[in-house]
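Sequence order for the protein chains is A and B. Sequential numbering of the first sequence, starting at 1, is according to this note's numbering. Sequential numbering of the second sequence, starting at 1, is according to this note's numbering.
Treat the hints loosely; a few may be bogus.
[Claimed, not checked] Taking lysine-lysine pairs in the PhoX-like style, the calculated list, with each CA pair at most 20 angstroms apart, reads:
1) B:K66 with B:K55
2) B:K66 with B:K14
3) B:K64 with A:K97
4) B:K41 with B:K14
5) A:K56 with A:K67
6) B:K20 with A:K97
7) B:K55 with A:K42
8) B:K55 with B:K14
9) B:K20 with B:K66
Think of the hints as simulated: they come from the structure by calculation, not from any bench.
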Amino acid sequence: QKEVEQNSGPLSVPEGAIASLNCTYSDRGSQSFFWYRQYSGKSPELIMSIYSNGDKEDGRFTAQLNKASQYVSLLIRDSQPSDSATYLCAVREYGNKLVFGAGTILRVKS
Amino acid sequence: GAVVSQHPSRVICKSGTSVKIECRSLDFQATTMFWYRQFPKQSLMLMATSNEGSKATYEQGVEKDKFLINHASLTLSTLTVTSAHPEDSSFYICSARGGKGETQYFGPGTRLLVL
């Protein structure tokens with residue numbers, strides 16, 4: 001069983017700070033990684049995908065992938081109260097299924 | 001971005017009845033659709049994977065005779081919860097894979113309450 005591990009949190013950061021969310025995965029052969037944001041009572045929405053080692057930036061979000069360490073992270077710069085949500089890390093496995101972590105709760109305090 | 005719709009958004013039914021949930025990809029053709037269930041404060045659990053025109057593949061522990069999935073076209077999949085019971089009350093979310101990068105896009109979810 002492929003596993004995706006995340007710290008459940010909550011992670012609390014002050015408004016304007018950088019939030020760092022981390023995720024590790026068990027399948028060394030995994031190639032595709034995704035970060036989703038889920039507000040309470042809503043379905044997940046895709047924030048970023050990353051497939052290659054290194055950093056990928058999109059606005060205030062930066063995804064980082066290190067396949068050797070089986071580690072993927074999401075940085076949120078200039079965090080806003082509206083960023084408060086649960087962030088789900090997902091890894092694509094065989095059959096195009098996504099395996100999700102349990103999610104990290106982020107709270108941005110104004 | 002790709003849009004996936006679900007209908008209904010919320011349903012309340014009596015125990016023993018069947019409930020059908022529709023999932024549509026509005027602006028792209030979905031090669032594969034996925035059905036998830038999420039209980040409060042828990043992560044998403046994949047129930048089944050469906051490809052257009054073929055039988056769905058169910059995850060271990062999911063009863064295929066209870067959760068009927070039909071994927072009749074590249075833009076529509078339906079999940080029918082047959083003879084629903086209170087323990088089936090949950091948040092059911094579909095996702096559709098397709099479009100740019102073959103990414104999964106989620107529908108808004110259907111909240112089912114079985115009395």
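Under the constraints set out in the numbered hints, which ones does this structure not fulfil? When the structure is compared with the hints, numbers 4, 6, 7, 8 turn out to be violated.
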